[in-house]
Amino acid sequence: MKAELILENIGQYRGLKKYAINSGVITIFQGKNSLGKTTIIKAVGTALSSPIVSKNLMLEANKFGILPRDKKKRAPLVNYDENMAKIILIYDGENIEIIINKDGTIKTNFNGNEMFLYSGMLTKNSKILENLASGDYEFQWIVTEMSNASKYEDLKSIVDSYIELNNVVKATLEDINKKIGKNLSENEDLIEKKKNLEEDLLKVQEDMNNIDLPGREVYENLKSQENEKKAEIKGAENQLKKINDDIVKFDKDIKVMDDEISAKDDEINDIKNKMKENKEEIDRLKDLNENEINKEIHDYQKKLDPININLGKVLWGLSVWSNLKKNKQESNICPICESNIVITLKKIEQKINNLRKEEESYENKIYDINVEIKVLENKLKDKKEKIPLLKSQIDSHDKNIRDHAMEKDNLQEEKTRMVQKGKGQLLENKKDIEALIENMNSELEKVVGEKEDYEKRYEVLVPFVEKEKELTEEIAKIEGKIEKNNEEIETYKEITLFEEKIPIEKAEEVINKLSDEFDIIIDHIINKINEQRLGAAKKFNTTIKNVMKEIDLPNIENIFLETDNYNLKIIGKGGKPLPEGSLGGAEKATIGGILQVSCKQTYLRDFPFFIGDDLILDFDPENAEKFINYLKKLAKEEDLFVLITKPTSDKEIVQVELQ
Amino acid sequence: MAKKKNEVPVSEQIIEIIENSIKKQGKKEDFKKKFGGLIKQYINEWKK
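Protein sequences, first through last, are from chains X and Z. Take 1 as the starting number for the first sequence in the working numbering and just add one per residue. Take 1 as the starting number for the second sequence in the working numbering and just add one per residue.
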């Protein structure tokens with residue numbers, strides 16, 4: 001397979017950079033430090049792994065220098081003098097085009113695999129290598145992230161949040177039940193007390209009735225009038241309370257309507273702004289002069305002609321010199337101008353390199369001109385196609401404004417009608433009831449006054465009346481307490497669970513049923529997570545075993561993940577486990593390389609890329625050679641694109657292939 | 001005979017949604033919506 005990598009405004013390079021890459025071999029980007037070798041690797045990693053959505057992988061991307069640390073920082077891959085960068089990667093029918101804005105937002109036409117950052121990139125920042133370097137042998141994250149276990153974990157976190165809320169509501173219900181129980185038992189005591197007081201009152205009243213008094217009938221009549229008036233006043237006060245509640249509710253309804261009216265105004269203003277923008281865009285498009293644009297396009301096209309001619313000459317030259325190189329043909333005659341000069345293989349190589357640079361320079365110029373032409377053609381296209389579209393949008397906005405205005409008028413009318421009829425009527429009723437209560441209170445005052453006159457005359461009654469008053473007041477107090485307790489119980493008649501109101505008497509049953517169902521769901525998810533991790537670990541171990549057969553390490557017999565805790569186990573020759581501290585940096589780096597390539601081959605085998613940054617620098621030479629030989633074999637057998645960087649003294653990046 | 005929807009335990013239905021979500025690589029938000037909807041539906045049924 002062949003791949004084409006085009007980078008625009010990436011890293012330290014402004015403008016375009018193009019690389020042709022072959023699969024089945026190792027492609028090395030070599031050169032001295034700070035030339036941008038790693039940037040090429042990062043760009044390929046970005047293209048293959050985007051869009052990156054999981055939080056963990058965003059952190060990885062940040063470590064690799066692909067995404068900024070936070071939104072305030074610049075995207076590290078975008079050239080500092082530019083606002084955006086572009087990566088194009090074409091291979092095997094895929095045509096990946098990715099745009100990175102300086103704020104770190106990425107737009108891609110490719111459904112990449114973000115797991116590539118864990119598996120396909122071997123750098124010092126790779127999570128696997130970092131684990132090993134820090135002596136952390138806990139690798140459960142690999143079998144979780146690289147299998148569906150992580151997805152089950154995501155869903156489990158949602159179910160867990162529901163379980164937590166269900167438990168909170170269960171605890172609230174227990175508190176409520178305690179309060180209700182306390183109120184009910186208090187009421188039982190109060191009712192008993194009230195019963196005793198009523199018996200005492202009855203006795204006092206009977207004793208009073210047995211006393212012979214002149215004009216007693218009138219006095220009794222006044223007493224019953226007093227009771228009647230008091231009952232009537234209580235009834236009227238209840239009515240007044242209800243009217244006041246209705247007024248509060250009414251005001252709330254009006255407030256809701258006011259909010260709706262104001263929201264309509266906002267919507268109308270938004271649409272008006274959009275209309276204004278559309279009109280301004282139409283004016284801008286109308287102002288574009290088609291003749292001038294066509295002339296500019298023509299001028300650019302004219303500039304292309306000499307460049308294309310020169311490019312043709314360069315390509316012809318390249319084919320001639322490449323033939324000489326292919327046939328290893330040294331001569332004394334220039335194949336182009338036929339003059340007498342000594343042509344060695346070294347000179348042929350230099351000539352080809354120079355011509356390739358010229359080719360790249362011409363292609364860059366052609367690309368830039370074509371971009372300018374495309375921009376101008378788009379302007380013409382916009383003028384032709386966008387104006388009718390904008391006009392139809394304006395018509396649609398206009399209709400929306402009229403619709404919203406009509407809805408707003410309807411709301412306004414409804415509000416006016418409610419205020420005039422509804423509230424007016426309520427206020428009138430309130431006034432009537434208040435007047436009635438005032439009237440009844442003055443009548444009651446009169447009756448009580450007359451009654452008290454009688455009581456003053458009946459001195460013998462005074463202690464009875466006082467006792468009666470005392471008992472009546474005490475009974476009223478107890479009734480008030482009972483009523484308050486009942487009102488409090490009434491407020492607990494419902495409980496809210498997941499936005500659903502449940503009658504309090506049903507709540508416990510519902511919460512317990514939910515709890516049982518959640519247990520079954522969680523058991524299922526945990527079993528699945530374990531199953532997924534185990535399957536992923538077994539596959540990983542098989543691949544590591546196969547890779548280890550190819551790269552025979554002198555001191556290590558076997559490497560695998562333990563299937564009970566997913567810790568990494570390294571077995572030395574002779575079958576004894578090697579403790580973490582017994583491994584040197586070079587051995588750890590080699591083991592990291594083996595694990596990284598095994599991870600890629602286990603979980604992302606269909607992805608034909610494996611990339612590494614100065615990957616063998618930290619290996620010891622013998623292991624480095626074995627590892628490179630294995631990568632060569634793997635690249636060939638699996639038709640992989642293997643890209644690595646290598647520090648050399650070259651002053652420019654040189655692309656070399658290892659067969 | 002197939003069971004009516006409300007006779008199937010909610011856990012059974014949710015497990016089916018979980019497995020579909022994993023199989024089709026569904027979004028977390030979509031699962032949350034379906035899961036929440038089903039829980040509310042059952043609470044409504046149980047509270048009667």
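It should be emphasised that the hints constitute simulated quantities derived from the structure, not laboratory data. Some hints here could point you the wrong way.
[Claimed, not checked] List time: in silico DSS-like cross-link candidates among lysine-lysine, alpha-carbon distance up to 30 Å: (1) Z:Lys27 <-> X:Lys86; (2) X:Lys423 <-> Z:Lys32; (3) X:Lys539 <-> Z:Lys48; (4) Z:Lys40 <-> X:Lys179; (5) Z:Lys28 <-> X:Lys493; (6) Z:Lys24 <-> X:Lys55; (7) X:Lys102 <-> Z:Lys34; (8) X:Lys501 <-> Z:Lys24; (9) X:Lys573 <-> Z:Lys28; (10) X:Lys484 <-> Z:Lys23; (11) X:Lys55 <-> Z:Lys48; (12) Z:Lys47 <-> X:Lys179; (13) X:Lys626 <-> Z:Lys33; (14) X:Lys195 <-> Z:Lys24; (15) Z:Lys33 <-> X:Lys230; (16) X:Lys506 <-> Z:Lys24; (17) Z:Lys32 <-> X:Lys156; (18) Z:Lys47 <-> X:Lys539; (19) Z:Lys27 <-> X:Lys539; (20) X:Lys63 <-> Z:Lys34; (21) X:Lys178 <-> Z:Lys28; (22) Z:Lys33 <-> X:Lys506; (23) X:Lys506 <-> Z:Lys27; (24) Z:Lys32 <-> X:Lys179; (25) X:Lys178 <-> Z:Lys47; (26) X:Lys170 <-> Z:Lys34; (27) X:Lys383 <-> X:Lys272.
None of these values were measured; they are calculated from a predicted model.
Each hint, compared with the structure:
no., hint, result
1, Z:Lys27 <-> X:Lys86, "28 Å, holds"
2, X:Lys423 <-> Z:Lys32, "44 Å, violated"
3, X:Lys539 <-> Z:Lys48, "51 Å, violated"
4, Z:Lys40 <-> X:Lys179, "27 Å, holds"
5, Z:Lys28 <-> X:Lys493, "35 Å, violated"
6, Z:Lys24 <-> X:Lys55, "21 Å, holds"
7, X:Lys102 <-> Z:Lys34, "37 Å, violated"
8, X:Lys501 <-> Z:Lys24, "34 Å, violated"
9, X:Lys573 <-> Z:Lys28, "47 Å, violated"
10, X:Lys484 <-> Z:Lys23, "57 Å, violated"
11, X:Lys55 <-> Z:Lys48, "42 Å, violated"
12, Z:Lys47 <-> X:Lys179, "22 Å, holds"
13, X:Lys626 <-> Z:Lys33, "52 Å, violated"
14, X:Lys195 <-> Z:Lys24, "70 Å, violated"
15, Z:Lys33 <-> X:Lys230, "58 Å, violated"
16, X:Lys506 <-> Z:Lys24, "38 Å, violated"
17, Z:Lys32 <-> X:Lys156, "11 Å, holds"
18, Z:Lys47 <-> X:Lys539, "48 Å, violated"
19, Z:Lys27 <-> X:Lys539, "27 Å, holds"
20, X:Lys63 <-> Z:Lys34, "36 Å, violated"
21, X:Lys178 <-> Z:Lys28, "39 Å, violated"
22, Z:Lys33 <-> X:Lys506, "25 Å, holds"
23, X:Lys506 <-> Z:Lys27, "34 Å, violated"
24, Z:Lys32 <-> X:Lys179, "35 Å, violated"
25, X:Lys178 <-> Z:Lys47, "21 Å, holds"
26, X:Lys170 <-> Z:Lys34, "23 Å, holds"
27, X:Lys383 <-> X:Lys272, "23 Å, holds"
Hints 2, 3, 5, 7, 8, 9, 10, 11, 13, 14, 15, 16, 18, 20, 21, 23 and 24 from the earlier list are contradicted by this structure; the remaining hints agree with it.
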